[in-house]
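Knowing the structure of chain Z, use the given hints to seat chains P, V and X on it.
There are 4 protein chains.
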Amino acid sequence: MTRAKKDIKKVVLAYSGGLDTSIILKWLETVYGAEVITFTADLGQGEELGPARDKALLLGVKPENIFIEDLREEFVRDYVFPMFRANAQYEGLYLLGTSIARPLIAKKQIEIARKMGADAVCHGATGKGNDQVRFELGYYALEPDITVIAPWREWDFISRTDLIAFAEAHQIPIAKDKRGEAPFSTDANLLHTSSEGKVLEDPAQETPDYVYSRTGNPEDAPDTAQYITIDFERGDAVAIDGVALSPASLLAKLNDLGRLHGIGRLDLVENRFVGMKSRGMYETPGGAILLIAHRGIESLTLDRGAAHLKDELMPRYAELIYNGFWFAPEREMLQAAIDHSQQHVTGRVRLKLYKGSVNLVGRESPWSLYDQDLVSFEEGGGYDQRDAEGFIRLNALRLRTLARRAARGEKK
Amino acid sequence: MTRAKKDIKKVVLAYSGGLDTSIILKWLETVYGAEVITFTADLGQGEELGPARDKALLLGVKPENIFIEDLREEFVRDYVFPMFRANAQYEGLYLLGTSIARPLIAKKQIEIARKMGADAVCHGATGKGNDQVRFELGYYALEPDITVIAPWREWDFISRTDLIAFAEAHQIPIAKDKRGEAPFSTDANLLHTSSEGKVLEDPAQETPDYVYSRTGNPEDAPDTAQYITIDFERGDAVAIDGVALSPASLLAKLNDLGRLHGIGRLDLVENRFVGMKSRGMYETPGGAILLIAHRGIESLTLDRGAAHLKDELMPRYAELIYNGFWFAPEREMLQAAIDHSQQHVTGRVRLKLYKGSVNLVGRESPWSLYDQDLVSFEEGGGYDQRDAEGFIRLNALRLRTLARRAARGEKK
Amino acid sequence: MTRAKKDIKKVVLAYSGGLDTSIILKWLETVYGAEVITFTADLGQGEELGPARDKALLLGVKPENIFIEDLREEFVRDYVFPMFRANAQYEGLYLLGTSIARPLIAKKQIEIARKMGADAVCHGATGKGNDQVRFELGYYALEPDITVIAPWREWDFISRTDLIAFAEAHQIPIAKDKRGEAPFSTDANLLHTSSEGKVLEDPAQETPDYVYSRTGNPEDAPDTAQYITIDFERGDAVAIDGVALSPASLLAKLNDLGRLHGIGRLDLVENRFVGMKSRGMYETPGGAILLIAHRGIESLTLDRGAAHLKDELMPRYAELIYNGFWFAPEREMLQAAIDHSQQHVTGRVRLKLYKGSVNLVGRESPWSLYDQDLVSFEEGGGYDQRDAEGFIRLNALRLRTLARRAARGEKK
Amino acid sequence: MTRAKKDIKKVVLAYSGGLDTSIILKWLETVYGAEVITFTADLGQGEELGPARDKALLLGVKPENIFIEDLREEFVRDYVFPMFRANAQYEGLYLLGTSIARPLIAKKQIEIARKMGADAVCHGATGKGNDQVRFELGYYALEPDITVIAPWREWDFISRTDLIAFAEAHQIPIAKDKRGEAPFSTDANLLHTSSEGKVLEDPAQETPDYVYSRTGNPEDAPDTAQYITIDFERGDAVAIDGVALSPASLLAKLNDLGRLHGIGRLDLVENRFVGMKSRGMYETPGGAILLIAHRGIESLTLDRGAAHLKDELMPRYAELIYNGFWFAPEREMLQAAIDHSQQHVTGRVRLKLYKGSVNLVGRESPWSLYDQDLVSFEEGGGYDQRDAEGFIRLNALRLRTLARRAARGEKK
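Protein chains in written order, with the working numbering: chain Z, 49 to 460; chain P, 49 to 460; chain V, 49 to 460; chain X, 49 to 460.
Because the hints were derived from the structure by calculation, they are not lab data.
Remember, predicted model here, so these are calculated numbers, not experimental data.
Hints may be right or wrong, so weigh each one.
Per the computed footprint, the stretches of chain V lying under chain X, defined by three or more beta-carbons under 8 Å from a beta-carbon of chain X, are [unchecked claim]: (1) 169–182; (2) 192–201; (3) 253–262; (4) 311–318; (5) 399–409; (6) 431–440; (7) 447–454.
Pairwise CB distance ranges, derived in the manner of DEER restraints [claimed, not checked]: (8) V:R125 to X:A454: 20 to 26 Å; (9) X:E267 to V:D102: 46 to 52 Å; (10) V:E281 to Z:I116: 41 to 47 Å; (11) Z:A454 to V:P231: 33 to 39 Å; (12) X:S207 to V:Q420: 16 to 22 Å; (13) X:L105 to V:T272: 48 to 54 Å; (14) V:R125 to X:V247: 35 to 41 Å; (15) V:R125 to X:A455: 24 to 30 Å; (16) Z:E458 to V:R208: 37 to 43 Å; (17) Z:T78 to X:Q219: 48 to 54 Å.
Positions of the beta carbon are idealized from the N, C-alpha and C atoms, including for glycine.
So that you can see chain Z by itself, here it is in the shape it has in the complex (with noise of 0.2 Å):
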């Protein structure tokens, strides 16, 4: 980018230990002259933190500019459950697993930002994805007057060799298998792992097996189903099979149960915001369990009314996520719709786990609204089935004028 850099003193990284943003981090000292702050955050990727803390300090940054965070509970609880009350499911099937990660991050970010006098924040995604506009959209909202850099639109570097040469001339370890490019590119959470690129460019080709890393094959599964229950309160899940979890324990305890059997791959070409379509593989074990879990405890508290809405408002609130527009007042909004809805979205679900599949088989509650008096084939629960004519009849009345109307037509 050829406008002129911004005179930075010090720049908030979100920082992963890894090759790409400790590039990053010295082309920001090297190009900048910034004083480099380091954040990562523990959102249930699966690795440890201990080795980014080292390999920032083995990259010279103070010890007081490195930020680490275990963000699993706020993560889940404060994300991804209220996300999960709205059944949010991205162009019909993504649960939105990268998206939903991006906007806790920048907010912590921005808390670190101000808490150090930083005058920027960075972050290692891409020019093409959505990543870049979830972060910095986050940024904005949040401080809108910070500076924001994104390297990978703006440095020279123009292939791989590139980026190895720069990493090596600063020191940077570099693991053996990192020298070459990747057959694809992850990023994972405690909801999700996700996987695109190279091996995967080609959407007429099924994902190659060795993509998978949160699930197992379905075919490898148990040839035995186990069954489950999921408590919920208000709207979000509390307990398996009756022990009571916390939010990021309970994602855990799915995400071993979907990972044993094979449930919650997904294949999809989907459109970005940025405006090309891409092709993606995401694994999301426990998200894919918890989300028939909730539509059944939905199912049976939640009234047709609030129901349908929920449904009819999904696609937008899902769209706002998937584009960056956590903090935006039109997903509170919606949020606010949500969660008014919710309130009685307490009760417990039976689902069967099976080679790749989940089923709701049971659910129960103490504020059902399902009244087996009143659907039973006998007369009772105060339904007279005398009514249906009358509201058959008046539903019917405009129809019936337009069938008039369209008779007068004919005979003209």
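Below, chains P, V and X alone, put in the same frame as chain Z:
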């Protein structure tokens, strides 16, 4: 119903040949003194229609008053396929197998009524369900001044015993297993089989195995996955594994595949249009495959704007069909929008069927909007990464303005 | 209605003191043998309530069974204002003046029924209109097992003459002008007066001048425009011309202004919930001003995302209120979303009133999101015009991909 | 913009003949060394096109490179009328007069570019507004690989003085009143005139009288109301006072009427697509009348289901047009739905024009769905009041179930 019974001369009855509609046939003659015309449709419910003719003759219906029609192709081509273009699922899950059949039956009854000079139509749906609404809205929308007879809402029978007694009194043959109350009731056509009632009435209890009739148990399905391809043209499936098939033949073939692999079972608590919740079990083997397949070919060929609009309109569209408004102008308007989007939904998808699940593993199309150059990590395809900065900054502008306002507020 | 009449002991009647509800009062005693409790509300309809009390006493209602309540503040604060936060207009135009009053009356009747141990409630709405639905949905939503009596649907009177005869037989005083059929019927409250029927039934004919009662003819309005200001706090109007007013007083003041300037007349053909079209004339002098004013203050203080979401939700919200679903969960969900958006809808608007029209001529707010620097033709305000290029190019990306596909198609 | 300037041979410039686009013309020649083709459209902006030709010649444009076209009929028939079928209003109020003209100009520029072998197109919209987006989305949607030149985002002029100096240096004639900054800027076509900037930039201040050019002040309008009729066929206006008129002539006639009676002024703070709020003043004299008229004929001829669906889709449709997505598939899908509804929107409305306001006072149609018998207080028209009871009771069923649940909760 105590409103005075209308004077009816001829009535077209939706006649299955079963005990219940046979009772209705005799009841119409007895109570209304009406001449009964029977209409029996082959919608792919999997029963021979010959016996229905024999039964009608046996019950004294004049041969010229017996109408039997094979509607399978019309059903799939003009009702099922248009609905699948919309990816319609009621309450997020139900593929509307019963709902979509009713308008066609209603339409045929009205056509016969006109042809035969009948002044009334009659169906065998109960007074608590959705089907009465769907039948009658169809009747009225097509023939606004027709008289509609709904025996279950009108007659004085209050128990199974009453019905059996009436049958015996009128020489209606009664199969042994029909004397008692059935443990559940079913509806079937080429798209699905639904079951509800009695043994299914406790939503906490798993559906017993013997209720399923259209799908094998996933646990008994082949241990080896099967791959198939489906070809689409303008939104409709036209071939399986490269073999062109008519709409009904194609759906029948998908049903066979689904049955084999235990695909398409759904245990659902749903909200009826008449106001109560009910619990049903659906088997939609071919439909479950078709939905995934159609979404798959759309993912490659549909523009984001079109795809998202479709997703937002879908719940309303599905609700209209569920509620019986197939012939309403707003359903037609939505159909016009949906159909407009399907012009390039042409191509081939590859699916993996395995023990109850369908997974899309590949898709290709001459009209693909997926552009490997555009999405690749390399530069190119006419995408300039620097554009992303402006894109993000203008999308962020209103959020930054909001953040500045919020900051003003904090200072106060 | 030929269903057996229920055994009723005490019934709470929505009683206006007029001839029709007086007839109902006596009819309830006569036909049901029920003790009648009258409820008369002051919703700002502009009539004294004393005569209603006298009339009830005259008709033999026990003093302790006569309930008269001034609901004006509650009506405006808890019903009218929340609705105006949504800018609700049914079918694009109607400000829902009658619809919004019914739930409150229903709620009060139910409260009195509980307090007095009544087992039924009764209203004077006819069997062809929307009001019966609004009253009864309100009753049932608050007291699901209450018995509802709707005399106009039940009794055997088939003409005005029958009613008058019954009134005479029961010593009900009859004003001279009530003997014949009224040329139109009206409903009034602090928000509006509606008129329909008879002289209005031909939608091709202009509403005669004598039908209007709440607004002057614009042609007779002052020749000089009047400027006013309205102050808002969190979405609700709180002051006119700088003078703080309670909700009801404020609306009354706006009504005076509107009346003077001939503002708020609406001649409408609308679609009733019960299925037919009707033609009505509405006068909503204060409401018409309030709508423009509220939109005006929102235009300055509401973010685009919030504003557009509100606009998309509004038709559904208005339909729910029109159809009588004020107490339904989906209305409450929408209200939660709408109310969430109003936090900063605070400030002052300036309006010009002149011969039937209201024009917004100025708006200001401490929470304004309007930024003169940003919008000015000069550079500045943190807006870099070069950002627009990237913004446009990424918004165009999918359209360009579509165009390339179309070009491929032409080549074929 | 510091991206390298592309090598351009021929460019089609949207040329008004005014000072600014004349400067652009010379700038294109100077900076790009490109051959300039001018395109000047008559969209009913009310200016002679002859001078534009003379000016282009004077500035050295080759005669064969000067394109002037009268697009008035195409504009109204294919752009304005389809949009009015939707009753489109952006943010509830704005009739989209500028937005709807841009796609047509873009389309014509692309057509000329193809014909003349030009490799670029150019417009004179600034970098802060919506018009740049509308032009460029149009260009890209029709010719994905065209080069777009947006001088206002590119050149180095930073003040009016710079521009004037450039004009003088290139012998561009400068009208005296163009030397300084204009107190506001305008855009005009057959549908509207918009004004914004400078004197309008404080949204608290009333628009000065001298800004208005298309409408008389309501206070100066005739003291006597004028009645007119408008005839519609399939959703489009075809005659005024019984006189058939072409689309453009009809709109021109309505503009005359609106101008006379001071109709169609709008002072608005709106949200631009590029992210900021702006304040504009719109005069849409004929459009304001047409909107009321179209809603009026729809009220009589459109079914409720269709009407309500249209109302719900409208905000999205209007937003798409405002944002420049006229050529996007989702706009076309919505148009397909809307157009489908207009089949019977045929008939005559009567309107009263008086001092700034338009009121619908009558409507009639051979396709009317209004049924006087149905709505009359008398029985008849096939409406049985007893039907209302069943209708209400089934609509209430879910609310009663909710109320019973709430009561269970209170007991706990």
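Hint-by-hint comparison with the structure:
1. 169–182: It holds: at least three residues are needed, and the region 169–182 of chain V offers 5 whose Cβ sits within less than 8 Å of chain X.
2. 192–201: holds (count 5)
3. 253–262: With 3 residues close enough to chain X, the hint holds.
4. 311–318: holds (count 5)
5. 399–409: holds (count 8)
6. 431–440: Result for this restraint: holds, n = 7.
7. 447–454: Since three or more residues must qualify, the claim that chain X covers the region 447–454 of chain V holds, with 6 doing so at under 8 Å.
8. V:R125 to X:A454: 20 to 26 Å: holds (23 Å)
9. X:E267 to V:D102: 46 to 52 Å: holds (49 Å)
10. V:E281 to Z:I116: 41 to 47 Å: Hint holds: Cβ distance 45 Å, inside 41 to 47 Å.
11. Z:A454 to V:P231: 33 to 39 Å: Holds, since A454 (chain Z) and P231 (chain V) (Cβ atoms, about 34 Å apart) stay within the stated range.
12. X:S207 to V:Q420: 16 to 22 Å: holds (18 Å)
13. X:L105 to V:T272: 48 to 54 Å: For T272 (chain V) against L105 (chain X), whose Cβ atoms are near 52 Å apart, the range 48 to 54 Å holds.
14. V:R125 to X:V247: 35 to 41 Å: For R125 (chain V) and V247 (chain X) the Cβ distance comes to about 40 Å; the hint holds.
15. V:R125 to X:A455: 24 to 30 Å: Since the Cβ atoms of R125 (chain V) and A455 (chain X) sit about 27 Å apart, the hinted range of 24 to 30 Å holds.
16. Z:E458 to V:R208: 37 to 43 Å: holds (39 Å)
17. Z:T78 to X:Q219: 48 to 54 Å: holds (51 Å)
Figure legend: structure checked against the earlier numbered hints; every hint is met.
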